[in-house]
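Enquirer: Listed here are the chains, written in short residue letters.
There are 2 protein chains.
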Amino acid sequence: MRIGLVGTGGVGRALVDLIGKRDDIELVFALNSRSGVGDQAGLDPEKLYDYLGRTRDLEGYGEGGFGAWRISDILNEYRVDLLVEATPTNKSTGEPARSTIRLALENGLHVVTANKGPVMLHYRDLKDLAEKRGLGFGIGATAGAALPTISAGENDLLGSRLLGIRGVLNGTTNYILHLMENGGMTYQAALQKAQEEGIAEADPTQDVEGWDSAIKMTIIANALAGKALKLEDAEVLGITHLTSEDIRSAKDRNKRYKLLGELDLEAENPRVVVKPVMVSHEDIFYGVQGKNKGIQYVTDNLGEFAILGGASDVRGAAAAIIRDILQIKKRIFRKV
Amino acid sequence: MRIGLVGTGGVGRALVDLIGKRDDIELVFALNSRSGVGDQAGLDPEKLYDYLGRTRDLEGYGEGGFGAWRISDILNEYRVDLLVEATPTNKSTGEPARSTIRLALENGLHVVTANKGPVMLHYRDLKDLAEKRGLGFGIGATAGAALPTISAGENDLLGSRLLGIRGVLNGTTNYILHLMENGGMTYQAALQKAQEEGIAEADPTQDVEGWDSAIKMTIIANALAGKALKLEDAEVLGITHLTSEDIRSAKDRNKRYKLLGELDLEAENPRVVVKPVMVSHEDIFYGVQGKNKGIQYVTDNLGEFAILGGASDVRGAAAAIIRDILQIKKRIFRKV
Numbered sequence: 058m059r060i061g062l063v064g065t066g067g068v069g070r071a072l073v074d075l076i077g078k079r080d081d082i083e084l085v086f087a088l089n090s091r092s093g094v095g096d097q098a099g100l101d102p103e104k105l106y107d108y109l110g111r112t113r114d115l116e117g118y119g120e121g122g123f124g125a126w127r128i129s130d131i132l133n134e135y136r137v138d139l140l141v142e143a144t145p146t147n148k149s150t151g152e153p154a155r156s157t158i159r160l161a162l163e164n165g166l167h168v169v170t171a172n173k174g175p176v177m178l179h180y181r182d183l184k185d186l187a188e189k190r191g192l193g194f195g196i197g198a199t200a201g202a203a204l205p206t207i208s209a210g211e212n213d214l215l216g217s218r219l220l221g222i223r224g225v226l227n228g229t230t231n232y233i234l235h236l237m238e239n240g241g242m243t244y245q246a247a248l249q250k251a252q253e254e255g256i257a258e259a260d261p262t263q264d265v266e267g268w269d270s271a272i273k274m275t276i277i278a279n280a281l282a283g284k285a286l287k288l289e290d291a292e293v294l295g296i297t298h299l300t301s302e303d304i305r306s307a308k309d310r311n312k313r314y315k316l317l318g319e320l321d322l323e324a325e326n327p328r329v330v331v332k333p334v335m336v337s338h339e340d341i342f343y344g345v346q347g348k349n350k351g352i353q354y355v356t357d358n359l360g361e362f363a364i365l366g367g368a369s370d371v372r373g374a375a376a377a378i379i380r381d382i383l384q385i386k387k388r389i390f391r392k393v
Numbered sequence: 058m059r060i061g062l063v064g065t066g067g068v069g070r071a072l073v074d075l076i077g078k079r080d081d082i083e084l085v086f087a088l089n090s091r092s093g094v095g096d097q098a099g100l101d102p103e104k105l106y107d108y109l110g111r112t113r114d115l116e117g118y119g120e121g122g123f124g125a126w127r128i129s130d131i132l133n134e135y136r137v138d139l140l141v142e143a144t145p146t147n148k149s150t151g152e153p154a155r156s157t158i159r160l161a162l163e164n165g166l167h168v169v170t171a172n173k174g175p176v177m178l179h180y181r182d183l184k185d186l187a188e189k190r191g192l193g194f195g196i197g198a199t200a201g202a203a204l205p206t207i208s209a210g211e212n213d214l215l216g217s218r219l220l221g222i223r224g225v226l227n228g229t230t231n232y233i234l235h236l237m238e239n240g241g242m243t244y245q246a247a248l249q250k251a252q253e254e255g256i257a258e259a260d261p262t263q264d265v266e267g268w269d270s271a272i273k274m275t276i277i278a279n280a281l282a283g284k285a286l287k288l289e290d291a292e293v294l295g296i297t298h299l300t301s302e303d304i305r306s307a308k309d310r311n312k313r314y315k316l317l318g319e320l321d322l323e324a325e326n327p328r329v330v331v332k333p334v335m336v337s338h339e340d341i342f343y344g345v346q347g348k349n350k351g352i353q354y355v356t357d358n359l360g361e362f363a364i365l366g367g368a369s370d371v372r373g374a375a376a377a378i379i380r381d382i383l384q385i386k387k388r389i390f391r392k393v
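Those sequence lines, one after another, are chains A and B.
Using my numbering, read the first sequence as starting at 58 and increasing by one per residue.
Using my numbering, read the second sequence as starting at 58 and increasing by one per residue.
Incorrect hints may have been included.
In this list, chains with the same sequence are indistinguishable; a pair is considered to hold if it fits within one copy or across any two.
DSBU-like mimics (lysine-lysine), calculated; alpha carbons at most 30 Å apart, straight line [said to hold, decoys possible]: (1) Lys308 / Lys387; (2) Lys312 / Lys104; (3) Lys332 / Lys312; (4) Lys284 / Lys78; (5) Lys287 / Lys250.
In short, the hints are calculated from the structure, not lab data.
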């Protein structure tokens, strides 16, 4: 399968690495905001991976490198089956990723994206467009990455109705809570350590105030339960107010805090609620430690089941993109 | 999609019930060891479900009912796309299920089975035959039922290599251990209670001596990792020797026993090991309580992830069959 990549940051570069280890995916072009590189006969992923470790300026790549580009020109020039969209996200408009995805679908390309903004804001539109054209639209990397929230919902739940969702979906806050509990740190000290280790971002607001969790819950509900939930309707409380005393007092009761998202799909007006919750060691999420995540699906026929794990890192996110590509490929070729 | 059913026991009847609630699966015939019923235009699932609640003798069903049958005649007479095989299992030979499955595949039918014997003994043969003919062969109900062990392996792991498997795969023993721990019962008392509640079978040997867990581990490894493991090579120890004192002493240390299956796929000679293991409350399986089950997959690119839940019952097993049918249907119609 021939693919093109937009976005050569951490996840994009990890994807190039994984593609280099496979013989069933061919990378034809790679683009970032200012430059790109393409080869109709297929790029050398190992060479590109090494190059991106030194600089993101692809104009100087040598043969096939170029500067400013327009996506319409690129899609005219290079023949690919699928576009991977992995540019930095914009959560207000979803642009320019949304336009790129639309154009690719209109050009008959399958699309896989790791970009939360357009998926949170425009999932139904983009999915409808893809379905109308018989194309795949993979979003697994936007909602848990290595943790297969979307794949499980689309495959493992087939034939059952989803009644409710619970999730610990943010690895950064889970790690901070872990440090506070096991290292006895204050919130500030734990955040700083997580930042030093490259786990928390310089501006951690999205994670620690619960918005990243709420976005993932919203994406999952919209994708799996056909809802049109909006982020602004979610009730969101983060972990910034939690004190060492709160954590210790939970521990004394054999409990621990988790930043938990909950959604009752049977409610009259389903609404995502994200807040820190004390869970006992009988709770399925108690053992989700460190950077791990978890999701629990409540269904009518299959009962309740949870998927736990999928520690956050760029390799896991890239592997989630590969999974989406291969799921689309499997269906194209009618492999039963 | 038009389907035929062989086997009208608990799971078969629950399947008829679920089919009655859907409009995308049509039941054309249903057979058991001595009788059957068929209608080229589709049976009435609600009527059949009620009938099976009274008697399994389908010869007296009225229109379409018949006595002794041969599967070759049935497949000649009724046109279906897929055969569901859900007869009682034979773990020594896999017959007659194996022959039924082969014949169906040779006749160009997709097959979904809930029958452990033929899958444990002949998975590779049957799968090869299905693949050669471009047909689906669904086995999810044989390895965890509602817990989507096979579906997760085939879909959620795509693009990653499986390095190891850990599983708590037997709901009955998990429930017995739960009673011993929380009710302070002896093994014998807990077994008896589980039998009275219809959870443990009259002859509980397969479950309590660990063979059911070993069979499921073997099926999963053979299906997902392309192995040809044999049950006789497994190292299997059940829970019958555990005393109230063992359970209490674990509890005093904040631990609990789980009947755990483990398999290191990177070992020179991979071998299933099933035995009771004390797990701490940091272990992902600690929270798998009652009749629930769990599986953990260790992978190269997606890290570790576990799926927990899927309490054992006939409805869950029937829902697992529906899931397999719909996964095959989705691929036939190239729905991306």
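Enquirer: Taking the hints in turn, state whether each one holds.
Expert: Quick rundown of the hints versus the structure:
1. Lys308 / Lys387: neither (47 Å within a copy, 47 Å between copies)
2. Lys312 / Lys104: Neither: 49 Å inside a copy, 50 Å across copies.
3. Lys332 / Lys312: Both ways: Lys332 and Lys312 sit 16 Å apart in one copy and 29 Å across, limit 30 Å.
4. Lys284 / Lys78: between (38 Å within a copy, 22 Å between copies)
5. Lys287 / Lys250: Classified as neither: same-chain Cα gap 33 Å, cross-chain 49 Å, threshold 30 Å.
The structure does not agree with the numbered hints 1, 2, 5 stated previously, though it agrees with the rest.
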